[in-house]
Amino acid sequence: AQSVAQPEDQVNVAEGNPLTVKCTYSVSGNPYLFWYVQYPNRGLQFLLKYITGDNLVKGSYGFEAEFNKSQTSFHLKKPSALVSGSALYFCAVRDTSGGGADGLTFGKGTHLIIQP
Amino acid sequence: DTEVTQTPKHLVMGMTNKKSLKCEQHMGHRAMYWYKQKAKKPPELMFVYSYEKLSINESVPSRFSPECPNSSLLNLHLHALQPEDSALYLCASSPDRSGLIYNEQFFGPGTRLTVL
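Chains A and B, in that order, are what the protein sequence lines are.
The first sequence begins at 1 in my numbering and counts up by one.
The second sequence begins at 1 in my numbering and counts up by one.
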């Protein structure tokens, strides 16, 4: 079975400072990892994904994420936070070992609050 | 057209009512999904359609009945729901069944369902 853990319910960052939202995963096969953002009363917006290749993945709105196989982590990062980025962030995984649902398995989500 | 649309945005229904949720995409995607999201929780997969055929049903109660009339449209028929079924229902689509595990899913804004 596949699973995702987001250890922080909430992350507070001052505008202009760097931010990190943590994610660790557990899969049987190779992981395909995704980050999504959800604004209040909205659907999920895709930010970036890791499939294979470079461990540093760049995505939308200046976000990037670093895949670390030894630590089974896929932390989301941004060099300089913007107030408009305050939202709920979900890490998700899809396992390549087969036998599971084709849908995504999501972490519980992390509220990112960026203070002016 | 690069979006997934869902109607209605809000729905209030009694436990004896029959209603339907509608999802539409015109991106040529051949996989479509229904997720259920409770407040402050991650989305949970309900159904997956691949090339208009139901491929995954995550043990969802029969009071939820999905339908995929064509490649652009996905419905969720609701009957005899319970108050605990109140949630945000999200539809998503993904480009192609064969490349499913590589592709991100595109989410609609959701239907906020309240069951009285």
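The hints are simulated quantities; they were obtained by calculation from the structure and are not laboratory data.
Some hints could be false.
[Stated by the list, open to error] No farther apart than 27 angstroms at their CA atoms in a straight line, the calculated lysine-lysine pairs in the DSSO-like style are these:
(1) A:Lys22 / A:Lys49
(2) B:Lys19 / A:Lys69
(3) B:Lys40 / B:Lys53
(4) A:Lys22 / B:Lys38
(5) B:Lys22 / A:Lys77
(6) B:Lys19 / B:Lys53
(7) B:Lys41 / B:Lys19
(8) A:Lys22 / B:Lys41
(9) A:Lys77 / B:Lys40
(10) B:Lys38 / B:Lys22
(11) B:Lys53 / B:Lys22
(12) A:Lys108 / A:Lys49
(13) B:Lys19 / A:Lys49
(14) B:Lys9 / B:Lys53
(15) B:Lys40 / A:Lys49
(16) B:Lys9 / B:Lys38
(17) B:Lys18 / A:Lys108
(18) B:Lys41 / B:Lys9
(19) A:Lys22 / B:Lys18
(20) B:Lys41 / B:Lys22
(21) B:Lys22 / B:Lys9
(22) B:Lys18 / B:Lys38
(23) B:Lys40 / A:Lys108
(24) A:Lys108 / A:Lys22
(25) A:Lys77 / B:Lys9
(26) B:Lys41 / A:Lys49
(27) B:Lys18 / B:Lys53
(28) B:Lys9 / B:Lys40
(29) B:Lys9 / B:Lys19
(30) A:Lys49 / A:Lys69
Tested hints:
no., hint, result
1, A:Lys22 / A:Lys49, "15 angstroms, holds"
2, B:Lys19 / A:Lys69, "46 angstroms, violated"
3, B:Lys40 / B:Lys53, "31 angstroms, violated"
4, A:Lys22 / B:Lys38, "22 angstroms, holds"
5, B:Lys22 / A:Lys77, "35 angstroms, violated"
6, B:Lys19 / B:Lys53, "22 angstroms, holds"
7, B:Lys41 / B:Lys19, "24 angstroms, holds"
8, A:Lys22 / B:Lys41, "17 angstroms, holds"
9, A:Lys77 / B:Lys40, "22 angstroms, holds"
10, B:Lys38 / B:Lys22, "19 angstroms, holds"
11, B:Lys53 / B:Lys22, "17 angstroms, holds"
12, A:Lys108 / A:Lys49, "18 angstroms, holds"
13, B:Lys19 / A:Lys49, "36 angstroms, violated"
14, B:Lys9 / B:Lys53, "26 angstroms, holds"
15, B:Lys40 / A:Lys49, "23 angstroms, holds"
16, B:Lys9 / B:Lys38, "16 angstroms, holds"
17, B:Lys18 / A:Lys108, "31 angstroms, violated"
18, B:Lys41 / B:Lys9, "19 angstroms, holds"
19, A:Lys22 / B:Lys18, "42 angstroms, violated"
20, B:Lys41 / B:Lys22, "23 angstroms, holds"
21, B:Lys22 / B:Lys9, "10 angstroms, holds"
22, B:Lys18 / B:Lys38, "21 angstroms, holds"
23, B:Lys40 / A:Lys108, "8 angstroms, holds"
24, A:Lys108 / A:Lys22, "12 angstroms, holds"
25, A:Lys77 / B:Lys9, "32 angstroms, violated"
26, B:Lys41 / A:Lys49, "21 angstroms, holds"
27, B:Lys18 / B:Lys53, "23 angstroms, holds"
28, B:Lys9 / B:Lys40, "19 angstroms, holds"
29, B:Lys9 / B:Lys19, "13 angstroms, holds"
30, A:Lys49 / A:Lys69, "15 angstroms, holds"
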